[in-house]
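Participant: For this one, chain A is given, so just place chain B on it according to the hints.
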Amino acid sequence: PTLPEGWSADKDFKVVGKVSASTERTIEPVGPHFLAHARRARHKRTFSEDDRI
Amino acid sequence: MSANGADQASAGSERVAIGITFGNSNSSIAYTVDDKAEVIANEDGDRQIPTILSYVDGDEYYGGQAKAFLVRNPDNTVAYFKEFLGKDFKSIDPTHNHASAHPKESGSSIAFTVKDKTADDAASELSVTEVSTRYLRRLVQSASDYIGKKVTSAVVTVPTNFSDAQKAALTQAAKDADLEILQLIADPVAAALAYDARPENLSADVQDKIIVVADLGGTRSDVAVVASRGGMYTILATAHDYEFAGFALDKVLMEHFAKEFIKKHKTDPRENARSLAKLKQEAEATKKALSLGTNANFSVESLADGIDFASTINRLRYEMIARSVFEGINRLVEGVVKKAGLDVLDVDEVILSGGSAHTPRIAANLGSIFPESTSILAPSTFATALNPSELAARGAALQASLIQEFEIEDIEQSIHPAVTTVKHVANAIGVLAKHGEEEIFTPIIAPETAVPARRTVHVEAPKAGGDVLIKIVEGNTHIKVTQPEPKSKENGDDKAKKDADDEDEDESDFSDDEEEEEQEKREKIWKVGATLAEAAVRGVKAGAKVEVTINVLADLSVTVATREVGAKGGVRGNIPA
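Protein sequences, first through last, are from chains A and B. Residue 191 in my numbering sits at position 39 of the first sequence; the count goes up by one each step and never skips. Residue 936 in my numbering sits at position 400 of the second sequence; the count goes up by one each step and never skips.
Keep in mind that a hint or two might mislead.
What follows is a set of in silico ranges between Cβ atoms, one per label pair, in the way DEER data are often shown [as the list claims (entries may be wrong)]:
#  : chain 1 : residue 1 : chain 2 : residue 2 : range
1  : A       : E176      : B       : K626      : 30 to 36 Å
2  : B       : D571      : A       : H195      : 22 to 28 Å
3  : A       : D162      : B       : I944      : 47 to 53 Å
4  : A       : E176      : B       : D571      : 30 to 36 Å
5  : B       : E796      : A       : E176      : 33 to 39 Å
6  : B       : A809      : A       : R194      : 54 to 60 Å
7  : B       : R859      : A       : H195      : 51 to 57 Å
8  : B       : G1102     : A       : T178      : 23 to 29 Å
9  : A       : S160      : B       : A1078     : 19 to 25 Å
10 : B       : S699      : A       : D162      : 50 to 56 Å
11 : A       : E176      : B       : Q677      : 40 to 46 Å
12 : A       : S160      : B       : T1018     : 38 to 44 Å
13 : B       : A962      : A       : K196      : 35 to 41 Å
14 : B       : G877      : A       : R194      : 28 to 34 Å
No lab work stands behind these hints: they were computed from the structure. Note that the structure is predicted; figures quoted are calculated from it, not measured. The beta carbon of each residue, even a glycine, is placed where N, CA and C say it ideally should be.
So that you can see chain B by itself, here it is in the shape it has in the complex:
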């Protein structure tokens, strides 16, 4: 078998796979230990490793060290290059590269000119793929040093609007760095997986829920609406924005402190490149401090004209000057929920991901858009929230640990469109039960569930028992808006009305927001659609429950099985497609 030696080296058991988030501003590496994902710190102690590569006297620096060279050695420092992979020069936006090595056209690709050898040598032209390769090599080296084994493979996260050409360029860059890419997965899905795969969640059943993932990065913000059905994710809508992101928040602080400096010293630190670089770096540090504390210092040695500058800012003031950016993020999130054809009442979870998601005000603002029943998963609003910066890397690491045993052909076959593109039911399927006079719909299969799917619920039989009719129906939600009662009404009347309303929203997952009741009351209610089938369960004991299992097959035919809980047999039937 020695002839197969080379093949075996790449076979499953030999692999050491990690999760990588390769961002424009920062990158992370993560590894799973005992099914738990851990984000790895590099040798500088950074878990968020700046995506920057710098050359000084022929030595290569990356991450935090390279970032420091943006001040003294900007021309030989390459930053914000990930977005340029697989693109042509005309389609890129080089705004963020003004303060470092500039991108330039090189054939069909993009390149940077830096002195990566000793200072006296001529500058070299490095393609963006080559820059990525060198950076990835350093990332993987850090991971290998930490794990103590050579890392051979990785799952890498990419934005949902990454084109095939960009994916191919990334895969090539990784290959050149001797890194096998097992799979490229979407950022928002990685974040959702990071939450769903937490050990405390695994014991519980995966719930059907609608998740909004707001990935707020340094140079871009990406929002996605994801339907999570039985632990499988389907992206319903996405939005990408290059304006309301972390750099805009840095800029707000830069402007603020630059004005303060001008007032005192009559020089504008923004007019000098080095002063501007110092200003930007300190503004970012101050912004991070404001996510943790309510007060932060801003101080730069020799900011401009040899003058030191020190100042402070409190969080309230910062939130005031950054308001327009925060509002932009709100609009982005609201827009994508609408794009998915949903209402904020349909959203069960909002996952805040990315570096800018640490900002407490952003979480608070989103909390006010969504009903109280929606969980906002961010450190300031959710006690057991994960670190937003680490989500995507954790998700990638979990996926890597799941598939590292697989052959590469198995992975390719599994992610083939024939497997991933399936029908999703447009309406909910559930049972109709009578509670007093009201007919109540209990959803069993949620809308936008991928088929085949199987769900089981227990519905209460009439108290007296006897023969029970199970009606399988379709249903969909709509938003009922109740105009407010005239002000003159007593509180007691309102209360009585609310209690009455409560009955029809019994099965709804959402409780209405007390605050909003002042204006108008919006609630999600189920509208019963066509009946699919009826089944009779005879001789049910008093107070018993009936178990209903619905299995929707890939061709949309449905099998229904009903029986009294604990009883044998029951009624089965098949609804053809």
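Bound conformation, chain A alone:
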């Protein structure tokens, strides 16, 4: 939507809330995408760090 008149925020970004609900579940350790996730998790890398390697 179009920016309303007079809207402003620090660096044009305003935090209003946060992610409200989550559940603990178990991912199935199968498939190439899981293995990529496990690699990131074990080396404590983020997505962008992983992309660079």
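Facilitator: Below, chain B without anything else, positioned relative to chain A:
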């Protein structure tokens, strides 16, 4: 380095790994060639190899050959034993073993008494682990013969309700057969992987979708609801049933033909064990023929009292007499979708797996439960469907090829709960955009997505361009039920109403079912929840799109990056957890 010789033999590069599906009724072996999984036929030419072991005059038979001995040599033939691994005698159901060697209690385990040496020797007592070891040895031998290299390792599929004791017993049985088990994976996930890893799918991005895997086997049916998010699978709910499975369909045909035989010959072939065994084997063959053709023969030489019996049945008649079983499967599937807290409208794909999934009527019935937008992946309803019997084995083979280079400790660390148990967002996270008067929610991160997760979407900026407000909000779906218009209304009115409704379901993945409109219209709509953040993208060109990337981290904090497509810079921000 010669001292390390023994260790090196088991190291990654030396491995030849296959995928194994070890079922109660049938087992399969699969291997990957050039990233494509192939199910291996054994020396009898069978891809579905019956899980049966038989001894005649000291010779061991397995698979199809052993199955034939169920008629003439039932006492020395062991069948339906996989389910007994790692269980104690009191907890098992020996129903399916009445027609072959009976299970008996042996210490804390279960054993079978068979004459596995020459006929004159005393019978031996074989534990269920030993039977499994011998059977696995034969399976692996078949695979080794086909590949031309000794198979050392395997990924084996197991049902989702397989206990740790059962897994340990299976691993031990494999170890005794000189087979290293790299990983035990769940049947439904293997089936989902078999579809997702097809080469024609790999070029496309993996979509976020909800999958129902209906694994319809010989002695059991297992249904699982799986959330597939970015190619990672999370099982949301499962159901297991030991009543509505392949044997129940065999039984329907056995009853049907037994009655026909009695009418003609006044003897009941079900009262004689050998006649019953013949009846069962032919009923199964007829059932398989009815999955392919609309007519099938049923004929048994010397069925009972030395009388041959031949008859035919058409598919329509079979579907009529088997209706209660089919309906049971429907209820099972509907039940597990409900158990997952979902509606049939939430389901994107139904994967039919297992031998009984070849039945066209089962696929058609499930098609009528789910909306038209749901793909029913079965041979009769989906042009490029894979063979349902081969799915789990293919999935296992693909997983085996992915991890065969890994050290066993690496695999163990990767499948550790610390890695696999993570938070999943309960609500969707997306952007709110204004289309005319309506505010439309575009999901970016689907509900039940495991974190960390990163997704990017392109949303349309207002046509005129200018400064754009990006509102990041939570959302969840709910089912809107519209009562039907009174019958007196003209068709044109209905149409106009439908068009109006179409606007608010613009972003919904589901189109409603024309047939159901007669009764009531159910549709999935997004309900907008709390706002998480607002960001301004200034000076967007007319007609341009805005790229929004949302990255949810493991602690549920969120980073948002927005920019005009093609432009540099943009606005970034962080929402703390």
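Participant: Are the hints correct? Go through all of them and say.
Facilitator: How the hints compare with the structure:
1. A/E176 with B/K626: 30 to 36 Å: Given a distance of about 34 Å, which is inside 30 to 36 Å, the answer is holds.
2. B/D571 with A/H195: 22 to 28 Å: Given a distance of about 25 Å, which is inside 22 to 28 Å, the answer is holds.
3. A/D162 with B/I944: 47 to 53 Å: holds, 51 Å
4. A/E176 with B/D571: 30 to 36 Å: Once the Cβ atoms are compared, 34 Å apart, the range 30 to 36 Å for B/D571 and A/E176 holds.
5. B/E796 with A/E176: 33 to 39 Å: violated, 56 Å
6. B/A809 with A/R194: 54 to 60 Å: holds, 57 Å
7. B/R859 with A/H195: 51 to 57 Å: holds, 55 Å
8. B/G1102 with A/T178: 23 to 29 Å: Since the Cβ atoms of B/G1102 and A/T178 sit about 40 Å apart, the hinted range of 23 to 29 Å is violated.
9. A/S160 with B/A1078: 19 to 25 Å: Check passed, 23 Å falls within 19 to 25 Å.
10. B/S699 with A/D162: 50 to 56 Å: Holds - the Cβ-Cβ distance for B/S699 and A/D162, about 55 Å, lies within 50 to 56 Å.
11. A/E176 with B/Q677: 40 to 46 Å: Given range 40 to 46 Å: holds, Cβ gap about 43 Å.
12. A/S160 with B/T1018: 38 to 44 Å: holds, 42 Å
13. B/A962 with A/K196: 35 to 41 Å: Violated: the Cβ-Cβ distance is about 25 Å, outside 35 to 41 Å.
14. B/G877 with A/R194: 28 to 34 Å: holds, 32 Å
In summary, the numbered hints that this structure violates are 5, 8, 13.
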